[in-house]
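4 protein chains.
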Amino acid sequence: MKVKVAILGVCGVLGQRFVQMLNGHPRFEVSSISDLYLGKTYLEATGNKWGKGSGGFDENVPDYISDMEICSATDIDRDIPLVFSGLPPNVAGPIESELAKRGHIVVSKAKDHRLEEDVPLIVPEVNPEHLDLIERQRKKRSWDGAIVCAPNCTTSIFSLPLKPVIDNFGVENVIVTTMQAISGGGYPGVPSLDITDNVVPYIGGEEEKTRVESKKILGSIDKPAEYRLASYCCRVHTIDGHLECVFVKTNKEADAEKVKRLMKDFPGTGLYTGPVRPIIVRDEIDRPQTRLDRLAGEGKNPYIGGMSVTVGRIRNDEVFGLSFLSLGHNTVRGGAGEAILIGELLDREDYV
Amino acid sequence: MKVKVAILGVCGVLGQRFVQMLNGHPRFEVSSISDLYLGKTYLEATGNKWGKGSGGFDENVPDYISDMEICSATDIDRDIPLVFSGLPPNVAGPIESELAKRGHIVVSKAKDHRLEEDVPLIVPEVNPEHLDLIERQRKKRSWDGAIVCAPNCTTSIFSLPLKPVIDNFGVENVIVTTMQAISGGGYPGVPSLDITDNVVPYIGGEEEKTRVESKKILGSIDKPAEYRLASYCCRVHTIDGHLECVFVKTNKEADAEKVKRLMKDFPGTGLYTGPVRPIIVRDEIDRPQTRLDRLAGEGKNPYIGGMSVTVGRIRNDEVFGLSFLSLGHNTVRGGAGEAILIGELLDREDYV
Amino acid sequence: MKVKVAILGVCGVLGQRFVQMLNGHPRFEVSSISDLYLGKTYLEATGNKWGKGSGGFDENVPDYISDMEICSATDIDRDIPLVFSGLPPNVAGPIESELAKRGHIVVSKAKDHRLEEDVPLIVPEVNPEHLDLIERQRKKRSWDGAIVCAPNCTTSIFSLPLKPVIDNFGVENVIVTTMQAISGGGYPGVPSLDITDNVVPYIGGEEEKTRVESKKILGSIDKPAEYRLASYCCRVHTIDGHLECVFVKTNKEADAEKVKRLMKDFPGTGLYTGPVRPIIVRDEIDRPQTRLDRLAGEGKNPYIGGMSVTVGRIRNDEVFGLSFLSLGHNTVRGGAGEAILIGELLDREDYV
Amino acid sequence: MKVKVAILGVCGVLGQRFVQMLNGHPRFEVSSISDLYLGKTYLEATGNKWGKGSGGFDENVPDYISDMEICSATDIDRDIPLVFSGLPPNVAGPIESELAKRGHIVVSKAKDHRLEEDVPLIVPEVNPEHLDLIERQRKKRSWDGAIVCAPNCTTSIFSLPLKPVIDNFGVENVIVTTMQAISGGGYPGVPSLDITDNVVPYIGGEEEKTRVESKKILGSIDKPAEYRLASYCCRVHTIDGHLECVFVKTNKEADAEKVKRLMKDFPGTGLYTGPVRPIIVRDEIDRPQTRLDRLAGEGKNPYIGGMSVTVGRIRNDEVFGLSFLSLGHNTVRGGAGEAILIGELLDREDYV
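Protein chains in written order, with our numbering: chain A, 1 to 352; chain B, 353 to 704; chain C, 705 to 1056; chain D, 1057 to 1408.
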């Protein structure tokens, strides 16, 4: 029997991606959807906006959800154990808390709870053991449910390849420059006049997130990782896919060839939405490229790519010793896909 | 009386920019032009390609050069003291040597001679004293003329703001990530299918140039600067303007506010094509932006912008201590404009 | 002595273009500016939005207006004879009426009054005689001032080359397909996700305007022109410049070569902002092109291009007999520039 | 048992699309591939160019063809009945003739043979009966094989929706303006500097093709259709998908609602690659849009969209009476997909 799930903020870019990726899901069944357009069907509510906020959508709303009625987040049935939240920041916080209090497990893409000490911030291939925080959270907050967070897209995309590096060589310093897609700004989001023939070298709050969130993910359950990190996060004119240039000072010398092997061998989760190879390493000098590689990553779901991170140009340089490029799909791996993967992990670990 | 000048490779993107920027020049008069299309007029030879390889050109070839006949590089009159070379790499080398031998001073944008020990590699605001190498070059090579090189565009754009930093604090490490415009690839250059909705994180030879050329420019006439440098050079979808994210480890602590002041006060050359403020510092959190700032920079020439570098987001970070963004126009400051500025410097210093 | 002018909606895309094009104007002096940000200086009010809504702006607000204080539209001094309105549709209507009633001559780019029978809708090179409607308007409305309208950008760009055709051959049918720039949608305007790698084949109200406005402009002062017109107006991914494909069935046979000559010879106004050749005809098979030709057009103002319309591919086809392409700059010729040109015409004709 | 097929020009954009669309095909088995890179495997030959010339490709060459060796076109085994040709124009002509003479049935996307009287030019949903020309061709040329052509992409995309119009109302005049994608220019194809922030209103030979090819397709096997047609074919900045604005003068009055119904009901072929609904009609005022609708069209092949044409904005206008927009995927419906569909039709009709 399938696990019933709800989607919050189901009409937005993230919500639409949840709708697409949960279509035909073997374990999860969308039973309740919430957004501002109360009482409308999903088709009526999303209609004209469907598929506009990111790439790779079919031209029509999937049949399975077309006539489902939008309800309020707080009207979600108590018998739905798992809730995916695509709510916007600041709005998400109190609603997610309320639902967790009522007994739901909320997997959230919003930033609001990410940095709370007893909230797991999870990249399933990197720190699944942080789910143990759920017990701590429930005890502390006297909740039946729980909140589990997926990280900011940018952070997720470089934390994944950083994991085998930190595990094998230790990391002292990280410098990251990102070239992020417009779909990261939501819809309508970035004005076309702002990004056509342009780069906008600032995305509000993003650089702080790369610094603080990555340390939480790559640290132990009790303590953030201790490297120092500086980044510039830039918006470039791509639809989907964040490309990140990463320079890493390791504690032990990290031979580029060895790093390459470790990344190639980095294991997947075996979960439905998780790719067989979470890190794809390309050897071509000019890869990864945003448009060519953002949909890489095969798992058990034959319809969806974009769950792998593609790494390339791994090399030993004269400053930090190690540098590489990491590319991921911001609304799949760095978005709804990561949340669904966390949901699948929670399911396997019997939390739902 | 004006100084006669010649332009080599006059039909290409660089050549066209020379043609545009020397239109109405108060000191230089274009007297000879060379390219492959021997015997044709400039209009016939360039015709359909005029203005296509970069932004900001008038829709028509300027009148002054329209009917001038294209000759071979080696047919340039001996009485033309100054030659601007927009020749492609590898082609440039032997032709420029031949012309220098014949007595011309060749200011080249090609890479071929840049790293030769007795060839000055000049950013006029940064290392004008390197022109002293001309004497050494003439002596060593028994030439009447000389070769003087302008650096690679990317290098020029971060070397300028790095100058006050190295002078005041010393520099140990530099990490640079660049987001470069398509006009850097020449015309026809980058295929549209390669860059639309894409980032190409590799530009052949570019990263090596940032490393080696910047050390030569920022070093003394006898010895390169001794910092270490690593970079990723990426092509993004902008027409003109390279945006560069620069992280710098200084020897002495460099307070961001102090750096800002030093950059703002960095003096211009006073030359016709040189801007009053070679480094423009912007305080907005989201500047410089490629499309908005690439044409910044007023000098005595009222028609041409793009000779200043715009710096922004100067800050103290937790890794290297200092980071900033630098933006410049690759075919003006990093292209023909820099060569013309070198020509004006040579004129003022009585080399021509 | 200069004529004092005011600008309404001075912070928007149109308003900014007025500010730029009136900088250093030999006859007009901006004395009053209005927008929503009462009491702020122009720099404070526009600041971060300056230059973002169209191309070709300097990176900074011009000095002359930087410290001017924003006032309310209804607080404009009575001694300012001429008011340029860049107000948004629906907002513009009552304010412009109020100002005309008070004695100002308002030149408006808004649609609100365009189709009123006693309001002149002017392309200065096409139907300057329609200014006679001012007397009729004043009499009918008992106003001291008047309202004069500039047409919709798209309409202006094909009406200009249609004028010599209708005058010489008569016009029965017109079919137009447009490829319009994103700056036509204002700022922030068109979302980047809507236009990247996309065409949006609909712009609200635009097709109706091409039909009704062009007939008013090309008709007599008493009666619209009688041709039939159908159009599709599409948004494509260009920053500035509307390219229009025009198919025309003439009453008398219109030889392509003859049409070409008539367009080339079509006279300018001799006014400061008006180009010497309002219609530039190009012979290349692949012109006009949006980026290459949108800034064409030299007048007495050396700093501003974009006031000419560029026509190309004039030919005799097997359906209607005549077809051609017309390209114009939507925020210059089809925007503030046309309004300023109307202002200059009013000045020459002693209306102000 | 599967039918063996060969692909000519297998490394180009068209060839790659054949490779992708024939992957796992239930009736066709790729047994031979040809291109210039003799003796190399497909992976070696295509390698770095794979997936760059159009959208929607996986990041890697499919396994089934990766190690297949490239041979010369004239070395194709005689027992391969069906050959798909993605050869470039002018090259294609003699090679295709030679292969047809040897007994192969060649389905070609090249223009070389399209207009020959005895060569069927086929859109399978529109004029399958033109395949009868094969007998005539064989008799006349004494060939065992045959040449069958697929039309130019642009033509295909408006001929499909024009079919129910001509059948039900008759057609007198057609005016078409197209906005075509860069992938239509092949790879490397259109320079990025030519199309960024630009429209290029000319594509060599394209307008003539829309005129002559559409009349052949929509005519009888013996005589072209007799309407008159004029078009402007423009390149806009989209990756895939041609959007076409079509104005039609019908013989009998064509009510827009009735046209809509006829198009919606237009039947598919029932073939594997053919969509259930070859013409999708959308009711939204702003559709079809290139990025949102180019991949529309479900058939029996669950992996490939892009075989339907999407029509929208069907209306009765004041000039011709009928106008609509038609959008199709130029490298799928207008490319390899159409050729494969022709191949499937030939298979069903027992030609292979």
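If you're looking for bench data, these hints aren't it; they were derived computationally from the structure. Please read all numbers here as calculations on a predicted model, not as lab measurements. Heads up, a few of these hints could be off.
To be verified - Here are the simulated DSSO-like pairs of lysine-lysine, each with C-alpha atoms no more than 30 Å apart in a straight line: (1) D:Lys-1108 to D:Lys-1195; (2) C:Lys-913 to C:Lys-927; (3) B:Lys-401 to D:Lys-1108; (4) A:Lys-52 to C:Lys-756; (5) B:Lys-612 to C:Lys-913; (6) D:Lys-1308 to D:Lys-1356; (7) C:Lys-913 to B:Lys-652; (8) B:Lys-604 to A:Lys-209; (9) D:Lys-1157 to D:Lys-1108; (10) A:Lys-264 to A:Lys-139; (11) D:Lys-1167 to C:Lys-913; (12) B:Lys-561 to B:Lys-401; (13) A:Lys-52 to C:Lys-927; (14) B:Lys-601 to B:Lys-575.
**Report entry** Structure versus earlier hints, numbers of those that do not hold, lowest first
**Finding:** 1, 5, 6, 7, 9, 10, 11, 13
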